[in-house]
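Student: Numbered per my numbering, the sequence shown finishes at 143, counting up by one with no gaps.
Think of the hints as simulated: they come from the structure by calculation, not from any bench.
Take the hints with a grain of salt, since some may be wrong.
Simulated DEER-style distance windows between Cβ atoms [unchecked claim]:
hint : residue 1 : residue 2 : range
1    : His40     : Ser130    : 29 to 37 Å
2    : Ala11     : Ile94     : 24 to 32 Å
3    : Ala25     : Pro125    : 44 to 52 Å
4    : Glu42     : Cys105    : 21 to 29 Å
5    : Pro55     : Ser22     : 16 to 24 Å
6    : Asp86     : Gly61     : 22 to 30 Å
7    : Ala134    : Asp27     : 19 to 27 Å
8    : Thr6      : Ile94     : 25 to 33 Å
9    : Gly82     : Gly31     : 15 to 23 Å
10   : Tyr120    : Asp59     : 27 to 35 Å
11   : Ile66     : Ala25     : 36 to 44 Å
12   : Arg136    : Arg58     : 28 to 36 Å
We put the beta carbon where it would ideally sit given N, CA and C, even for glycine.
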Amino acid sequence: MQLNNTEHRLAGYWPARLEHTSGRALDAERGTLLVPSSRHREACDAIALPFIRVPARRDHGLPPLIVLFGGPGVAGIEAFGGYFFDHVERLSAICDVVTFDQRGCHGAMPNLVNPFPPDYDLREPLTRDSYLAAQRRSATRLG
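Work out the full structure: start from the sequences and follow the hints.
Tutor: Rendered as structure tokens:
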């Protein structure tokens, strides 16, 4: 799907539960937002970003809090139900709390995880040349 560089679309959303290993849970919404892959080209491919929103338990008139996890490669949605759950629980007392999996990782599409990880010869010391050779072999397998 193509989008112009200023466009975004909500592909859909549905009710969900954010569950913690402690047994606590929060009502939430999960969904997918389509965004442009480039802000520099007028028309470009869309990237699908999964998101989760935990609505405020009481309306205080505050804007939503968007949580961006460090990375690259950190799963924001996974963290909401894991180590960040306590923060989400406290913050959702006053405002909506939203995060998403950033482009290229976890639930985002396209996913940039390399299915052909570099194959290093662990019997030899890793040098710049052997590192680059392994990376090139991996890239060649990607096509």
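Student: Hints first: check each against the structure and report whether it holds.
Tutor: How the hints compare with the structure:
1. His40 x Ser130: 29 to 37 Å: 36 Å, holds
2. Ala11 x Ile94: 24 to 32 Å: 29 Å, holds
3. Ala25 x Pro125: 44 to 52 Å: 50 Å, holds
4. Glu42 x Cys105: 21 to 29 Å: With a Cβ separation near 26 Å, Glu42 and Cys105 satisfy 21 to 29 Å, so the hint holds.
5. Pro55 x Ser22: 16 to 24 Å: Holds: the Cβ-Cβ distance is about 21 Å, inside 16 to 24 Å.
6. Asp86 x Gly61: 22 to 30 Å: 24 Å, holds
7. Ala134 x Asp27: 19 to 27 Å: 47 Å, violated
8. Thr6 x Ile94: 25 to 33 Å: This hint holds: roughly 31 Å between Cβ atoms.
9. Gly82 x Gly31: 15 to 23 Å: 20 Å, holds
10. Tyr120 x Asp59: 27 to 35 Å: 55 Å, violated
11. Ile66 x Ala25: 36 to 44 Å: Since the Cβ atoms of Ile66 and Ala25 sit about 22 Å apart, the hinted range of 36 to 44 Å is violated.
12. Arg136 x Arg58: 28 to 36 Å: 56 Å, violated
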